[in-house]
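Enquirer: The residues making up each chain are set out below.
2 protein chains.
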Amino acid sequence: MAKELKDLTKRSEDYSKWYNELVVKADLAEQSPVRGCMVIKPYGYAIWEKMQQTLDGMFKATGVQNAYFPLLIPKSFLCREAEHVEGFAKECAVVTHYRLKNAEDGSGVIVDPEAKLEEEFVIRPTSETIIWSTYKNWIQSYRDLPLLINQWANVMRWEMRTRMFLRTSEFLWQEGHCAHETAEESEKRTVEMINVYADFAEKYMAMPVIKGVKSANERFAGAVNTYTIEAMMQDGKALQSGTSHNLGQNFAKAFDVTFINKENKPEYVWANSWGVSTRLMGALIMTHSDDNGLVLPPKLAPLQVVIVPIYKSQDQKDAISKAVHPIVEGLRKKGISVKYDDADNRRPGFKFADYELKGVPVRLALGARDLENGTIELMRRDTLEKETLPLDGIVERVERELESIQDSLFNRALKLREENTFKVDSYDDFKKRIEDGGFFLVHWDGTTETEEKIKEDTKATIRCIPLDAEEEEGVCMVTGKPSKRRVIVARSY
Amino acid sequence: MAKELKDLTKRSEDYSKWYNELVVKADLAEQSPVRGCMVIKPYGYAIWEKMQQTLDGMFKATGVQNAYFPLLIPKSFLCREAEHVEGFAKECAVVTHYRLKNAEDGSGVIVDPEAKLEEEFVIRPTSETIIWSTYKNWIQSYRDLPLLINQWANVMRWEMRTRMFLRTSEFLWQEGHCAHETAEESEKRTVEMINVYADFAEKYMAMPVIKGVKSANERFAGAVNTYTIEAMMQDGKALQSGTSHNLGQNFAKAFDVTFINKENKPEYVWANSWGVSTRLMGALIMTHSDDNGLVLPPKLAPLQVVIVPIYKSQDQKDAISKAVHPIVEGLRKKGISVKYDDADNRRPGFKFADYELKGVPVRLALGARDLENGTIELMRRDTLEKETLPLDGIVERVERELESIQDSLFNRALKLREENTFKVDSYDDFKKRIEDGGFFLVHWDGTTETEEKIKEDTKATIRCIPLDAEEEEGVCMVTGKPSKRRVIVARSY
Chain A
595 MAKELKDLTK
605 RSEDYSKWYN
615 ELVVKADLAE
625 QSPVRGCMVI
635 KPYGYAIWEK
645 MQQTLDGMFK
655 ATGVQNAYFP
665 LLIPKSFLCR
675 EAEHVEGFAK
685 ECAVVTHYRL
695 KNAEDGSGVI
705 VDPEAKLEEE
715 FVIRPTSETI
725 IWSTYKNWIQ
735 SYRDLPLLIN
745 QWANVMRWEM
755 RTRMFLRTSE
765 FLWQEGHCAH
775 ETAEESEKRT
785 VEMINVYADF
795 AEKYMAMPVI
805 KGVKSANERF
815 AGAVNTYTIE
825 AMMQDGKALQ
835 SGTSHNLGQN
845 FAKAFDVTFI
855 NKENKPEYVW
865 ANSWGVSTRL
875 MGALIMTHSD
885 DNGLVLPPKL
895 APLQVVIVPI
905 YKSQDQKDAI
915 SKAVHPIVEG
925 LRKKGISVKY
935 DDADNRRPGF
945 KFADYELKGV
955 PVRLALGARD
965 LENGTIELMR
975 RDTLEKETLP
985 LDGIVERVER
995 ELESIQDSLF
1005 NRALKLREEN
1015 TFKVDSYDDF
1025 KKRIEDGGFF
1035 LVHWDGTTET
1045 EEKIKEDTKA
1055 TIRCIPLDAE
1065 EEEGVCMVTG
1075 KPSKRRVIVA
1085 RSY
Chain B
595 MAKELKDLTK
605 RSEDYSKWYN
615 ELVVKADLAE
625 QSPVRGCMVI
635 KPYGYAIWEK
645 MQQTLDGMFK
655 ATGVQNAYFP
665 LLIPKSFLCR
675 EAEHVEGFAK
685 ECAVVTHYRL
695 KNAEDGSGVI
705 VDPEAKLEEE
715 FVIRPTSETI
725 IWSTYKNWIQ
735 SYRDLPLLIN
745 QWANVMRWEM
755 RTRMFLRTSE
765 FLWQEGHCAH
775 ETAEESEKRT
785 VEMINVYADF
795 AEKYMAMPVI
805 KGVKSANERF
815 AGAVNTYTIE
825 AMMQDGKALQ
835 SGTSHNLGQN
845 FAKAFDVTFI
855 NKENKPEYVW
865 ANSWGVSTRL
875 MGALIMTHSD
885 DNGLVLPPKL
895 APLQVVIVPI
905 YKSQDQKDAI
915 SKAVHPIVEG
925 LRKKGISVKY
935 DDADNRRPGF
945 KFADYELKGV
955 PVRLALGARD
965 LENGTIELMR
975 RDTLEKETLP
985 LDGIVERVER
995 ELESIQDSLF
1005 NRALKLREEN
1015 TFKVDSYDDF
1025 KKRIEDGGFF
1035 LVHWDGTTET
1045 EEKIKEDTKA
1055 TIRCIPLDAE
1065 EEEGVCMVTG
1075 KPSKRRVIVA
1085 RSY
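Residue numbers (this note's numbering), protein chains in the order written: chain A, 595 to 1087; chain B, 595 to 1087.
The following block holds chain A by itself, in its conformation from the complex:
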């Protein structure tokens, strides 16, 4: 472990390499033999489980229920909504057969040509189509609305360039699919869910986000409007962390889902969908971690506190263990997860490096000298600062430190974002400064042409029109045409 840690590339050397190495070295995930798909290892999965549980509770608190829809989507369903198929057909895994058989020449197993499907299926890249074909049978009257349903599922998009957690062919996510009586109600729910995501990102992931609206170009395929939360990573790039789409009546029309409204007239249902994925793991890693490894906000850390004994004899170890016991008990009683690592086969130095790599928020170390003095050493993973503290009251102190770490991580990330967010009015200036990363608040004329020019010139895209953007008369930095508010432009993951 100590060796592995030493080998970790520094962020300043190669941020991208640092990320890829960290994912593997911290035991979060690894490449699988299946192109573009990863294996999520137990430690990584434990973090994802914490995210899932928290989000699931937040969804349910707003009245959402979970359900499960089929993995496979008939090809014809995917094609019903014109923009939707345009957006997803190019990256589908296609199931064409339902059986293998022994090759006649004895060379092994082949796809049985007799088992060709009449209609092919695609593995869901997202489930609007299969879900709206189902909703048709569930919705007759306004009394059946709203329908507030979420699904936790795997999805697949045949990505050409993949990176673990950030962009993989298969990924895990949740997708909410709501049906409403009115356009207003659906819009309200669309915004409510982007607010849930923002709350989760800020309060649990300790990751500040900017809520905004996507430009037409960056909208979900089939949506009328897409809300997003955008976070800044340590290298100044943006990461889209969650989206909520107002789908208008597009899918209701494509799947002929109507209801009898309160005026006793048939009307197409109003829809929205919203999702976050294992991509959040990438966001979490890149927001907080450092050259020593992972840094985790206490609220999502599978293990919040580790206690390492430092001893030279069994007698010393016994005495330390006896002193540690009530600390472990006290922390557990407060709902804090803690491990007392008294394994003999690894030296304290190795353990320290390992838990640093894994991002355990608080480390306590207790030696024979400490025991004499009635003290204990506490290290915070976020600052790597050590402090010798009285044993007495250590449980309460750890509890306060965990809260403090959660807050500090958020504030540190917010400070980074603020220091790297710039108002720019000259396109030449922008083109120079974008090289160093950061969020750029610029005036834009609102056209797709200009957006595409910016992308072509600089690889940067319009991340969003912030919801809290102030009205401000200005001119587009590219074309000089009038603009009413600034948008955020950045390079992104």
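Any given hint might turn out to be false.
Which copy is meant is left open, so a pair is good if it fits within one copy or across any two.
As a list, the in silico BS3-like pairs of lysine-lysine whose alpha-carbon atoms are at most 25 Å apart [what the hints assert, rightly or not]:
| # | residue 1 | residue 2 |
| --- | --- | --- |
| 1 | Lys684 | Lys695 |
| 2 | Lys847 | Lys695 |
| 3 | Lys928 | Lys906 |
| 4 | Lys619 | Lys654 |
| 5 | Lys619 | Lys730 |
Because the hints were derived from the structure by calculation, they are not lab data.
On the provided structure of chain A, position chain B as indicated by the hints.
Expert: Relative to the frame of chain A, chain B by itself:
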């Protein structure tokens, strides 16, 4: 709802039809447009979530961690273990292409022939192959063992005849995959997990099970030994509810997974795998439910108590609501889920029928007369018996009733099984009596030929050799050859 309930086929008329109707009418699941795949509706999914959470906690208590492996398996992986491919190749969904495109004749979207995969993938029917190909990199030394990993996932087997929850092409399950140092340790874990399943079935599902070993014929493809839990449904048929497989070194050999053992010598790793699926939903429904609808054990009921007010005026309703409030509070404080259904748009009779159909274990009804008398009506879903009770102490009484329902359901199911389990020694006798269902304890000569003859003659199979079978000298009921213990033969789902 009342109408739907009246329409429910009686078990005595057509048990199979009753089941299919109940799954739909109780809002548990429905057929999807994808052949053999179902949509699990919110109420059904809420029950599955309770099962998942409970099982997940039980697994973790034995040291198991969760992880996630890819959905797709390269065709060549599936073929590495000879028996395994034999068992699964015939029922695979095969991915052959990774893109759709517009047809040149404008007729719609077609599979892009240019996007043909070099090697096809199958959608996992089970994950031994992809997991053992991964474990090869995770295991070097005995220090890396045991590896105790579980995954919650969807899997797909292209079944020809499907029934909701019992046998569907796609289903949800968990699959545990453990790697051990010794054959003994792996065998111990295999048995430990079948015991976990049996505990879950009996303590949470209130479903008595028989633990046993499968005959060679019924073993998992690639296993050395398969343990099973078998439950009796109300029609006397068996339902295999969970299996745990000792895989010996078969997969380690197929994927070349060796470790340096304590004697410093390379050795193949010892493996087991174990799983339960959404099939348990079918088992739960068929064990307890009746002609009025679903009957759920309180420990798995999404809603344990419903309170229905009976009123003629707003004043009466207000007075009732005031009296109900502390009951709701009291129940919630005890961790009991409760709903006060004071909706005005459905009459009490409709509500009663609906909650009966949904299997809510305890129903409380409170009217104006009750309020005067300081009483409340309690109905148990399992017996449909009503009792008028003092309002005072009702919270504690409900708590006791829930425990009592949980126990009664188990005892009722156990009694049914005991009354329908028969020792039979004559094959003619067996052939007659198998028509009426039940478990038959018979002597069998241990050969696959005899097992297949029984199946051909009677559609019954050897469900298992019970773990607690007593040694008893006897002769095979079919061939007259010697046998040392009785096995259980039954028709099954």
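Enquirer: Each of the hints needs a verdict: does it hold here or not?
Expert: To see whether the hints hold, each was checked on the structure:
1. Lys684 - Lys695: Classified as between; 7 Å across copies, 29 Å inside a copy.
2. Lys847 - Lys695: For Lys847 and Lys695, only the inter-copy Cα distance (23 Å) is at most 25 Å; the intra-copy one is 42 Å.
3. Lys928 - Lys906: neither (32 Å within a copy, 49 Å between copies)
4. Lys619 - Lys654: between (35 Å within a copy, 24 Å between copies)
5. Lys619 - Lys730: Cα proximity of Lys619 and Lys730: across copies only (17 Å, versus 48 Å in one copy).
Of the hints listed earlier, the one the structure fails to meet is number 3.
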